[in-house]
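Please put together the full structure from these sequences, using the hints given.
Protein chains: 2
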Amino acid sequence: MDIKGFVRQVALEAKAGARELGRATSNVKNAALLAMAKGLREAAAALLSANEADVKAAIAKGLSPAMIDRLTLNPKRIEEMAAGLEEVVALPDPVGEITGMVQRPNGMMVGRMRVPIGVIAIIYESRPNVTADATALCLKAGNAVVLRGGSEAINSNRAIVEVLRVAIAKAGLHKGAVTFIDTPDREAVKEMLQLEGIIDLVIPRGGEGLIRAVVENSRIPVLKHYKGVCHVFVDREADLQMAQDVVVNAKCQRPGTCNSMETLLVDEPVAGEFLPLVSAALQAAGVQLKGCAKSRAIVPSMGEAMEADYYVEHLDLRMNVKVVDGMEGAMDHIAQYGSLHTESIITKDYGRAMRFMREVDAASVMVNASTRLSDGHQYGLGAEIGIATDKLHARGPMGLEELTCRKFVVLGTGQLRQ
Amino acid sequence: MDIKGFVRQVALEAKAGARELGRATSNVKNAALLAMAKGLREAAAALLSANEADVKAAIAKGLSPAMIDRLTLNPKRIEEMAAGLEEVVALPDPVGEITGMVQRPNGMMVGRMRVPIGVIAIIYESRPNVTADATALCLKAGNAVVLRGGSEAINSNRAIVEVLRVAIAKAGLHKGAVTFIDTPDREAVKEMLQLEGIIDLVIPRGGEGLIRAVVENSRIPVLKHYKGVCHVFVDREADLQMAQDVVVNAKCQRPGTCNSMETLLVDEPVAGEFLPLVSAALQAAGVQLKGCAKSRAIVPSMGEAMEADYYVEHLDLRMNVKVVDGMEGAMDHIAQYGSLHTESIITKDYGRAMRFMREVDAASVMVNASTRLSDGHQYGLGAEIGIATDKLHARGPMGLEELTCRKFVVLGTGQLRQ
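Protein chains in written order, with the numbering used here: chain A, 1 to 418; chain B, 1001 to 1418.
One should not assume that every hint holds.
Derived CB-CB ranges, DEER-like [stated by the list, open to error]:
#1 A:D349 - B:G1197: 26 to 36 Å
#2 B:R1212 - A:S301: 51 to 61 Å
#3 A:E196 - B:R1186: 16 to 26 Å
#4 B:K1004 - A:Y311: 18 to 28 Å
#5 A:L317 - B:L1034: 29 to 39 Å
#6 B:L1317 - A:R212: 11 to 21 Å
#7 B:L1034 - A:G207: 24 to 34 Å
#8 B:L1034 - A:G303: 51 to 61 Å
#9 A:L12 - B:Y1350: 50 to 60 Å
#10 B:P1184 - A:L12: 41 to 51 Å
#11 B:K1076 - A:K348: 51 to 61 Å
#12 B:Q1103 - A:K348: 16 to 26 Å
#13 A:P184 - B:A1169: 55 to 65 Å
#14 A:L12 - B:R1186: 53 to 63 Å
20 Å max Cα-Cα, derived DMTMM-like pairs, lysine to aspartate or glutamate [as the list claims (entries may be wrong)]:
#15 A:K227 - B:D1185
#16 A:K175 - A:D185
#17 B:K1348 - B:E1237
#18 B:K1227 - A:E196
#19 A:K4 - B:E1216
#20 B:K1004 - A:E162
#21 B:K1190 - A:E216
#22 A:K190 - B:E1079
#23 B:K1038 - B:E1079
#24 A:K4 - A:E208
Here are some chain A residues the structure puts well away from chain B; computed CB gaps all over 10 Å [stated by the list, open to error]:
#25 S64
#26 M242
#27 G256
Think of the hints as simulated: they come from the structure by calculation, not from any bench. By construction, the Cβ of each residue, glycine as well, lies at the ideal position given by its N, Cα and C atoms.
Okay, here's the thing in structure tokens:
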């Protein structure tokens, strides 16, 4: 079969799986998840051996140590995958809830019922744990998945998917609930993205390049974030000790994440006092600072920030510092350079706190908190499938609810349109 | 300036307008809407004269009488446009509402605030009233619009937009809140659809061809419905008088609409009794029936339905009839031929009513009601910007709330990530 026909056949299997999964009760879905966790633990030796083949090939191809680390499975990571499935069992099932049911003047009842989206394609890079994690969240919300992982992980992913499908069948569900595009051919992704009407949603997980390629080629809605260029704005009436603690935490607690701070914005009246303190604390933590001319006049040890630097998601211990003219200056900077991810103001002033919260356009807007708290677990959503920086359907951390949609339900007694 | 630069400039003006409009209170937005209504009434003579030029050109080009009717303005239609703006004033403003605010274990408060989407492009055909109607709904929800109407209506649209922009400025808002792609060049639409990051959402309004072209070319999320192929399923335990009333209403009350019934599905045990009755009623109303072999064996005057007929949105008094084997047969037919718009079951059986409501995948699922009731006004949403048959963001009739999104807001006291 050609690649087009193959991809279509897999997606149609998922569509059949989705129809059956959409009717399944929480009990049945939870039984499937528990069977998956058990299956992963029992198959650990086979998974490690499949993964070894991927890792050997990756070393031979000269992939970076960071990529090889992401690709590598070990007994601890397999146990984490299994435990992750069990955590999803514990989350409440969003499907079936009816909200806003009202009686209309003609007597009919109208409300909205939360239902699965249908078939979700997950396109990801070389981390095999995504195979289990993403499947678990989609399945709990009643969706079938079409998985397409990076070609470097194909042996690992094939082995994991086989375990998941056996578990699905044991729970009495259609195997199409979990499907896998088992080819390294890059054309397969392009074909997936044309299958409007079969695949309902695409979630790409990986670097900006992967995500841009998906958006450019997709006729199917995509939930995504390109990058996180997050700011902390230290207002003229900030508690400067709190500001320093938040800035250091937002940058240093885990710099490789999308919710870390990339640029510190400091209100001019407090720059002279705050910048020497915070720079010393950041430099002591190993952070390399680039600043605007005003920042460098206060802290001459900073490098020089060029305009292009303000667009960069560093993902490491580099960051920018800019002195701004009040909250207007901060909001203008964020509107220009921000990525709609997470923005935080540090202030004791009520009016500016409220204005920042209302007017800043981002998935998460914070007052007096570290941007690193922008996260599904921290917000109480349970596990998250990703963070969306678009504005449609979901914004910010996406949990189970964001993997569902709502249909209208009408309960009548023979009502007609007048 | 080339077309690309022109379209980009218009969209950037809208983006600037959106930032200011997003901060505006309901009072200011309502004042703008009232000024718009007043402006349209006062400019009636100028609008009619601009419209006359369009209508003359359309007649000269030999457009169909139906198209010319949709294009034509008269004093009554201008008054309806103005009154429509005033109706939107009366609707509650969804912007600013915070829901689900909870305190997390570390003491920070996390909730979701409803905010405008930003810049919305409306791409439509030759009905100039859409210019005012769509603008009003977008503006009330805090969004700037980029309007692109059919080239046949360009003089009418230009004149209407001029009135709306004068009113916007009078209310003290940025004129970019209402922008118009003032060129008949078809390339302009393609350029609009590339402006990811400037335009946040595209809503095409028109025939299936227009909508498919938009989806194929857009990198921006699109809210749409291609067509409405709606079904009424008459279950073996239906009240047959109610079933007949609903079927006649669903087909005949206004057959040119997307929520009219296209195919009647009749459960086999009641087909012999029900089909002669309903056929007579439908035929008396001028409906032309095409049936499956079983239907024609009962009512020989029906034409023969081919498989392709079941995919057709007739938009007139033609329809299909099919005898099915129970609700499983009905649900299989709907899954295959339905357009995810509106589906209705007529039954007295509790179990089948509940199963149909849960399991049928459509934007609206009804029990004992006419599909013609699938509508924003009927559901109590107020005016609607359209009906979505996709599953992301909005499903079914879209009112003001569907023209907004929700961001996370976090109110902290210095919380850090541990």
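**Study point:** Distance restraint hint 41 to 51 Å, applied to the beta-carbon atoms of P1184 (chain B) and L12 (chain A)
**Key:** Check passed, 42 Å falls within 41 to 51 Å.
Check your understanding: Can the suggested window of 51 to 61 Å be confirmed for the beta-carbon pair R1212 (chain B) and S301 (chain A)?
Key -> 59 Å, holds
**Study point:** Verdict for E196 (chain A), R1186 (chain B) (Cβ pair) under range 16 to 26 Å
**Key:** 23 Å, holds
Review point. Does the structure keep K227 (chain A) and D1185 (chain B) at a Cα separation of 20 Å or less?
Key: Violated. K227 (chain A) to D1185 (chain B) sits at ~35 Å, over the 20 Å cutoff.
Practice item. Starting from K1004 (chain B), check that the Cα of E162 (chain A) is at most 20 Å away, please. Key: The hint is violated at about 50 Å.
Practice item. May I ask you to test the hint 50 to 60 Å on the CB atoms belonging to L12 (chain A) and Y1350 (chain B)? Key: 34 Å, violated
Review point. Is K175 (chain A) close enough to D185 (chain A), meaning Cα to Cα at most 20 Å?
Key: Given that 20 Å is the threshold and the Cα spacing comes to 23 Å, the pair is violated.
Point to revise | G303 (chain A) and L1034 (chain B) - C-beta distance against the hinted 51 to 61 Å | key: 55 Å, holds
Review point. Would you say S64 (chain A) is clear of chain B, with no C-beta pair closer than or equal to 10 Å?
Key: 27 Å, holds
Check your understanding: Taking 20 Å as the top limit, are the C-alpha atoms of K1348 (chain B) and E1237 (chain B) close enough?
Key -> 6 Å, holds
Check your understanding: Is 11 to 21 Å a correct range for the gap between the Cβ atoms of L1317 (chain B) and R212 (chain A)?
Key -> 49 Å, violated
Practice item. Would you check the hint for K1038 (chain B) and E1079 (chain B), treating anything up to 20 Å between C-alpha atoms as holding? Key: Holds. K1038 (chain B) to E1079 (chain B) sits at ~10 Å (cutoff 20 Å).
Hints 5, 6, 7, 9, 14, 15, 16, 20, 22, 24 and 26 from the earlier list are contradicted by this structure; the remaining hints agree with it.
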